[in-house]
Structures are given as structure tokens and as C-alpha cells.
Amino acid sequence: MSDDIILETRGLTKHYGGVHALEDANFVLRKGEHVAIMGDNGAGKSTFVRQITGVEQRTRGEVIFDGQPVNFAGPLDAREAGIEAVFQTLALADHLDVPDNLFLGREKTKWNWLGPFRFLDYKAMRQDTLDALQKTGVKIPNIRNTIQYMSGGQRQCVAIARTASFHSKLTIMDEPTAALGVQETAQVENIVRQLKADGEPLILISHNMRQVFDLVDRVVVFRRGRICANLDIKNEDVTGEDVVAYITGAKTQEGYEDAA
Amino acid sequence: MSNHSDGIGGLKYDKSKKAWPNELNIFFALIIIVLVFEALGQLLPYMKGQSMLFDFNTKRDGTILNIARIKIIILQVSIIGIIALGVTQVIISGGIDLSSGPLVGAAAMIVMSFAQTELVNGNPNPKAVFGAWAFDLPVLVPILVGLLFGAFIGLINGSLIAFTGIPPFIATLGMFLICRGIAQWWTRGQPVSFPTDQFAWLGSGMMPVFWFLLLALLFHVVLKYTVYGKHTYAIGSNEAAARMSGINVKRHKVMVYMIASMLAAFAAIILSSKNLTAQTGMGQFYELFAIAMAVIGGVSLTGGRGSIIGTVLGAMVFGVIQSGFTYIKLDAFYQLMAMGGIIIGAVVLDQWRQRSASARS
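Protein sequences appear in the order of chains A and B. Heads up: the first sequence begins at 44 in the numbering used here, then just goes up one per residue. Heads up: the second sequence begins at 86 in the numbering used here, then just goes up one per residue.
Everything labelled a hint here was simulated from the structure, so no lab data went into it. Just so you know, not all the hints are guaranteed correct.
To be verified - Reference excerpt, derived from the structure (chain B facing chain A, CB under 7 angstroms, subset only):
no., residue
1, 326
2, 331
3, 335
Note that beta-carbon positions come from the ideal geometry of N, C-alpha and C, so glycine has one too.
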């Protein structure tokens, strides 16, 4: 195996009781590569992400991250290893302000000998928040307001800024623009382009064909819990109609006949 | 979208946009309530123009303020206030603790039996619970026993809620009955009395106020400036988000309930010291009054919102109303009814405020 692979799954499988949500997924992501995962609702996209990020425990299979086989007990493990995820259900706490949310679960602290009662370093967190927002181009009037009254776009941007600002080895976004307006979507897409320019790899789950063709290098299609196509959209002649055909099951790529 | 132009990259700091703190509303409410009672003192014919907080004629304390009454108001809310500090944290984390009142009763019984003195006016202590070894122990012993008992009850509460997933209401309701049972079982219903001088000092005079304010300051800092506090708010605000962010939600909940129960146990120490005796019925309604103080102070029962300053002000509102009712000579049963109405009113008002705040943006 070459060194430029950041994430690989072999035979990744997840059963919920009798439901085979994910079956035998073999997936490879190279460093700096942006890959979109597409598929119908219930095709296993989110399940796939939850196994990689340690939110759930896989039934079987292997996950190899950065050259090491990994077994994340929870999302914190995955994050410490360098996997950052923006989840479909925004993982934000409404009653906290922007820096609090950006640093939730990994606060900058001082006086660490106080254990759970160690003090928050608000000043450093605010400064880093301003830097992160500037880097991602997110516009928020006052970062010290609680986020409960912010627009969907601003909230999404906070969630993504949080992901993008920690120099992770791998970023995963689960439908980041599903609920956003045109301008806000553009803002999110700019963040994605920035990640690409920085050479940070990304897995993007999206239903938006235009977005996928604009942003990513490769599309992996899921259908009924299995990968049914792996399309190099940058170098091969693939159209949106082809992708739809794979999603709906009208076509299955060679080598993935199991999924038919 | 219009406010996007206000600051690029969030770099502009607009201090004026900072939300109006809820604590100020409660403070103004407190002043209004005082004014209402002052007005009633002037208007009600049988009050003969008395004033609640001022003393223009006798100047008993050498000041215009009626210091004696103000002291009583603060003193009478201090002990329940200590419990409310813990209840505040529990409610912010999205839970509820109904067991604190009975825990006060049980803890008081247990603590007092380790704080007894051997000789009462030269005679053997008539209320002795244990043998001779338990007499005249250093004051640290009953304090530690009490805090350990509180920690133990809190550990059970928190573990039940975190690990079995039963609602906090049910877990602490069960503990409510268990603690009442423990209080009666401990001495088979007999009161425990005659503490050592050291122990009696803990709750003497204005000491309860001192403890209340000291602990309020401590937990104000803890909730606002420490990781523990931030995670408490985060869990109450969005538990799933907190978990996904890598916060150990279960361990944190256990810690919150342990701290709350230890505060209730500490309130029991101060209360039994103040009364120089412990009885099985002690702490009746305390859990509800503590919740009421927190709620009047703006702590949201849905979690994620509230503060220690709010709860302290809530306790003051509670004390002023209670004292005010006595001052206008309202009978005790009317007081309870009015108190219930005020608690409901406080929550309704708060909900309106929340709704109008979300409508504004």
C-alpha cells in the first residue's frame, strides 16, 4: 500500500439487528483528495460516516487511518486521531456563544491541576475564534452572542469553521448545505475550496449534483448499504445522469456487481 | 442576512449587541416587589403606615434601614439557598433533583449523631445515639460524614440517571422516599440533639448567610469560568452535541448530582447546627423551594440556561415575598397559595421573554 492513502476501509459492515445498513464497504481516500459520497436516503452514507468517526461501533471490517488500523471507542478518539466531522444534526449547543461551540469538548484551559474544575482560557479561545472565522470567511456580527438566534447559515458556518479550524487530517461533512440559502451555500462551498487549496482531504456527503461536480475529485455511490460505483469525475467522462443511474440502480459499475 | 455587513469575519466587536442579562430583570423584579410591599404598608389601613425595609422613627440599628428585618430575610433563605445552588446546576444540565429536601432530613440525623456532646449541664446526653466513642468528636468528623453521605446519595442519583437512562424525575423521586425512610430509620424517629460547641458554631448567628454567600461565589466562578461549568451548560443545551464533541456526558452527570447532593448535605449540617437538633421531618418542601428559587432566578427547566447570580437573586425574591407576607400579616395558608401563584407566574413570564427574544431576531 502506498503512503499517500489517508483512509481505507476493508469489508466495513454495520448491522442494526436484522437491518444490514452497511455491507462490505471497501473505500480508499488519498491525501489531499476530495471525495463525495452520494446515494438515496437509507443507502448507508451516514452509517458509513458513523463507523469511521467512532459514533457507532462497526459489526465487522477494518478501518485503516493514516497507515494504522484504528478502533475508535467514540468520536473523541476519532477527533484526537485527526478526523473532524460536521454532522447532519448540527452538533452545536444553542445556549453557548461562538467560541464556546468552536471549542466544545476541547477547551483551551489554564490551571490544569484543578482537573475538571480547570479554568477556561476565554481570551485565547476568542482570539482563535476570530482567526478561524477570518480564515474561513464566515461573517458573524458578534461572536459572544449565543447561537440560538443565529440564522441556519450562520450556525452551519460555525459548525464548519469548527471543523476547518483544527488542522485535521481528514474532514467529513454530512450534507453541510442541506438547509441553507444560496449565499450561505456559496460560503460553505468556499470553505471547502479553501480546504482543497490547503491540501486537506475531505469526505462530502451531498445530494446536490451541481455542488458535487463543482467541488470534488471523485464520487462514490452507495446503494442499499453497498458501494455500487466509484467515479473519477475529474478525469473520466461522467455526467450527472450517469450518477443518477448509479444511485437509482439503473446501472452498476463493473467490479461492484454484488450491489446489484 | 442584513447583519452580515456589520462585521467581516466577526472582527468587529459590537458591545451594544450583547444581550440584556436576565439577572438584571430579576433584580428589577426584586425592587418592584419591595416597592409593592412598601406601598401596601402605607395603604393597608391596619398597617398604620409602617415601612418594610426602612425604620424612620426608632432607628433601632442606628440606621434608616431596618437592618434587623433585612438580616432575617437573608438568613431565612440562606439554608435553602445553599441547596438551590446545587439544584441550579442540576437543572442547567437538563435534570431535576427532588431528593434534596429529604436528603437534608436524613443527613441532619446522621450528622448530628456524630456531633453530640457527652455531658449536657453535667448530666449524660439523654439523646445519645452511639456509645461513648461518638461523643465530642472533632467538628471535622460530622462534616465529613455528612458530605460523604451526600456524595453517596448523589452518586446513586447520578448513576441511575446516567447509566440506566431513567428520567431524573423518577430517580430522584425514588430517592426522595428512600431518604425520608433513612431519616426515620436512623433513630426510629427519635430526634438527635445536644451538639458540641464547635458544631453549634457552624450555623450560629449569621453563619448560614456567610456559608451561602461563600458557596454562591465559589459556584458562580465554577459555573462561569471552568470546564465543569461549560460542560454543564453544554449538556443541558444539547446533550447529543455534547456527546459528539467528546464530552463524557455520563461521568459529568454523576458529578453534577454528587455536587448537588453534597450541597444539600452541607445545608443539613448548617440547619442542624442552627437548630441545635435534628428531626426526621427536617427539610420538608426544601426541594421544591430550592427549585422555585432557581426558577424565579431565571434557570430554565429545559436546561442550558441560568446562573448562580440569578439563583441568589431568586432566593432573595423568595425571601422578600415570604417576609413581606408575614409583614402584611397574611396568614400562612394564604402565603403558600400566593407562593405557588408567583412561581407559576415567574415561569410564564420567562417563557414570554424567551419567545419574544426569538421573535426579534
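Indices of hints not satisfied (ascending): Result: hint 3 breaks, nothing else.
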